[in-house]
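Protein chains: 2
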Amino acid sequence: MSNIKIGLFGFGVVGQGVYEVIRKSKNAHAEVVKICVSNLQKPRRTEVDASLLTDRAEDILLNPEIDLIVEVINNADDAYQIVKTALERGIPVVSGSKAMLAKHLPELIELQKKHNVALLYDASSCGSIPVIRNLEEYYDNDLLLEVKGILNGSSNYILSRVFDHKEPYESALRKAQELGFAETDPSFDIEGYDSLFKLVIITVHALGTYVAPERIFTYGISTIHDSDIQYAREKGVKIKLVAQVVKVSDEHFTMFVMPEFVSPNKYIYSVDDEYNGVVIRGECYDRQFMFGKGAGSLPTASSILSDIMARRHDYRYEYKKQHFEQKPDYTTDILLKIYVRYSQTNIQHVLHFEQIHEQYISSESNYVIGDIRLSELIAKRDQLTAKDLFIANIPIFFLNKDN
Amino acid sequence: MSNIKIGLFGFGVVGQGVYEVIRKSKNAHAEVVKICVSNLQKPRRTEVDASLLTDRAEDILLNPEIDLIVEVINNADDAYQIVKTALERGIPVVSGSKAMLAKHLPELIELQKKHNVALLYDASSCGSIPVIRNLEEYYDNDLLLEVKGILNGSSNYILSRVFDHKEPYESALRKAQELGFAETDPSFDIEGYDSLFKLVIITVHALGTYVAPERIFTYGISTIHDSDIQYAREKGVKIKLVAQVVKVSDEHFTMFVMPEFVSPNKYIYSVDDEYNGVVIRGECYDRQFMFGKGAGSLPTASSILSDIMARRHDYRYEYKKQHFEQKPDYTTDILLKIYVRYSQTNIQHVLHFEQIHEQYISSESNYVIGDIRLSELIAKRDQLTAKDLFIANIPIFFLNKDN
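Residue numbers (our numbering), protein chains in the order written: chain S, 98 to 500; chain Y, 98 to 500.
Among these hints, one or two may not hold up.
One copy or any two copies: either way a pair holds, since identical chains are not told apart in the list.
No more than 30 Å apart at the CA atoms, straight line, and that leaves these computed lysine-lysine pairs for DSS-like [what the hints assert, rightly or not]:
no. : residue 1 : residue 2
1   : K123      : K344
2   : K424      : K121
3   : K344      : K484
4   : K181      : K211
5   : K121      : K417
6   : K123      : K424
7   : K210      : K417
8   : K139      : K272
9   : K332      : K272
10  : K123      : K211
11  : K332      : K263
12  : K263      : K102
13  : K332      : K434
14  : K477      : K434
15  : K344      : K121
16  : K121      : K131
17  : K131      : K272
18  : K123      : K417
19  : K123      : K210
20  : K484      : K211
21  : K272      : K181
22  : K484      : K332
23  : K131      : K181
24  : K477      : K200
25  : K123      : K102
Keep in mind that the hints were calculated from the coordinates and are not lab data.
Between the sequences and the hints, there should be enough to build the whole structure, so can you do that?
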């Protein structure tokens, strides 16, 4: 069996992991023959032969020896150019760039068809947890009702420190960055965008429909406050940053990324630290829970290796669900029950609630719990960025043993 | 897209579930055209057109209209004859018969190759949890170190009642049978054979090696006693019936099914009631945990549906790991630390321990904790069936946050 010859774009944390994992796996029959980096001089943990390194993309893209491109760079625009060019040239690609994929997936799906070439990206969502592959291959029927989970290790690590170790938010964020869990731009993690991008990709494989990131309500944890934490503790729940896509009827599904009050009887309650956990719910099989390391050099690299080996058998995503006869449409016309904590902002002037369930006013902070349409949250999202606001979803079936 | 025409063998709990799930899934494009049952007169929960039913296997096996056979019958010998005949005739089969598969897998793999036909059986192991498919496709590299889990819902349900609800063992067993979790022959569940058969199948897809069931040490929970439960409670652990296959070195792996003391920091500690949970551990990706309904009509049927739909894309197992250059061999020459509770049996005359760590003697019952070779347990297994004995594995890395 001849080796697959790989051109690797990116030699940061994940790229070095890919290089290491490929060397570890004797039966992978894969070999990195060229590594493209943006800065040849940058010192790196992993030693490689200098002849492998290049800073010119064409050394890989125009190299006839290369069978497969692995792209794990940080810059989404550069990643897009590389992946697009590779696909147009008929070279299969394994990518880990979630921001790029979430933005360009429809075009990249077309390019795969047009040039009869594969793009695999299981590593882009939840690192070593095989979410995409299972949604595409195993849950490839129309029984699927919901995918919900903690998709971002960094924000989850921060919330775990805050909840389980009673650490201040700022110090927890610093620690996450020191440990390398946080993305280059921490706002990606803590504002929910990292989870959002993964959710966009997951939804394509869960329900066969692409929804552009900007159409999806996304709210992060950067404004969480001691009073929110105290409130959650008093109710015996944790606050987790949760991404979810849910079929609300045969005709419609909805999706959003938002902090959520999670009660101890839910599977994701015990997903702590930098771990990810995903619940896949369907008619007939009820709930499947998958749990593992969602980020980090080697876990992500092991997922890349799975995609590389899948190429040995000419595996590609078929995007079967895009061709389902009855495909639900995206809707934001659903009612959520949310908690909003505020101090200065006159929240009921900003948001129109369908119904108010609770209101609490004090000299320090106030909160309101009420029913609101998701479309209303999206319409007002620019007014919800104030530092004195924090919003969390209250799952309506709070007492069920579920997700 | 034309419908896949299915011949169904077996119309019990799972068979009826398969029939229902196929009808529910509009995009499956599958249709049951014939159902073979052993007794046409037996009353059934699910109503079907009488013309669908037959009691003659040849009405399916010799029917040129049928594209795929789904076999979910209880009798392992009959199942073997059906599957063998179908494969020889070039008809692909989806099977859920773990006992049959565990016994005949090498021959059935050969038949698949010889007749260029597929046999899929994800439903045979852990119902709706996609263990086989993931081991075969996603963890298809040589980073895998261990698969360990609770593979039998019925025995787990019983242990959960005993531990969490302080019910007597006998009443818990009765309840499991009433709820339909238990197999027709409950000794299958409680003596560990159901777990064993699943472990044999899993190992073929985890490490590429078939080990015959009779070569594997299997010990169940039927002799568990209040004193064992009390002992576990005092130590703050639960007793679970655990099946595991573990690479102990680059050259060797071992496997066994045995009750195990499980501490609260392990993932499987919280797998309760009729649920199954599997931990997949590998170099680089560490531990992945999969959790879900391991048995029951619809969860098992949903897994069968996944296999049916995989046939739309001509999916078959490649058994790639069988061809790995470096494949570890099965060994029983490993040291275990075990707990043995006994009353009449003079246990130290029966078993040769390498080292004794603890001994407790009282008028009611005695126990010993010591190191023993797995080969010694296998050699003496006929002497370990006494009613006054109970054996449990004590994982050696007891304090690690693991499996």
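We went through each hint and held it up to the structure:
no.: 1; hint: K123 to K344; in the structure: between (43 Å within a copy, 16 Å between copies)
no.: 2; hint: K424 to K121; in the structure: between (43 Å within a copy, 15 Å between copies)
no.: 3; hint: K344 to K484; in the structure: neither (33 Å within a copy, 52 Å between copies)
no.: 4; hint: K181 to K211; in the structure: within (12 Å within a copy, 42 Å between copies)
no.: 5; hint: K121 to K417; in the structure: between (34 Å within a copy, 18 Å between copies)
no.: 6; hint: K123 to K424; in the structure: between (43 Å within a copy, 11 Å between copies)
no.: 7; hint: K210 to K417; in the structure: both (13 Å within a copy, 28 Å between copies)
no.: 8; hint: K139 to K272; in the structure: within (24 Å within a copy, 65 Å between copies)
no.: 9; hint: K332 to K272; in the structure: within (27 Å within a copy, 34 Å between copies)
no.: 10; hint: K123 to K211; in the structure: between (34 Å within a copy, 29 Å between copies)
no.: 11; hint: K332 to K263; in the structure: both (16 Å within a copy, 28 Å between copies)
no.: 12; hint: K263 to K102; in the structure: neither (49 Å within a copy, 59 Å between copies)
no.: 13; hint: K332 to K434; in the structure: within (16 Å within a copy, 43 Å between copies)
no.: 14; hint: K477 to K434; in the structure: within (16 Å within a copy, 62 Å between copies)
no.: 15; hint: K344 to K121; in the structure: between (42 Å within a copy, 16 Å between copies)
no.: 16; hint: K121 to K131; in the structure: within (18 Å within a copy, 50 Å between copies)
no.: 17; hint: K131 to K272; in the structure: neither (34 Å within a copy, 62 Å between copies)
no.: 18; hint: K123 to K417; in the structure: between (33 Å within a copy, 14 Å between copies)
no.: 19; hint: K123 to K210; in the structure: between (32 Å within a copy, 25 Å between copies)
no.: 20; hint: K484 to K211; in the structure: neither (47 Å within a copy, 68 Å between copies)
no.: 21; hint: K272 to K181; in the structure: neither (37 Å within a copy, 59 Å between copies)
no.: 22; hint: K484 to K332; in the structure: within (24 Å within a copy, 48 Å between copies)
no.: 23; hint: K131 to K181; in the structure: within (19 Å within a copy, 49 Å between copies)
no.: 24; hint: K477 to K200; in the structure: within (23 Å within a copy, 63 Å between copies)
no.: 25; hint: K123 to K102; in the structure: within (14 Å within a copy, 42 Å between copies)
Of the hints listed earlier, those the structure fails to meet are numbers 3, 12, 17, 20, 21, in rising order.
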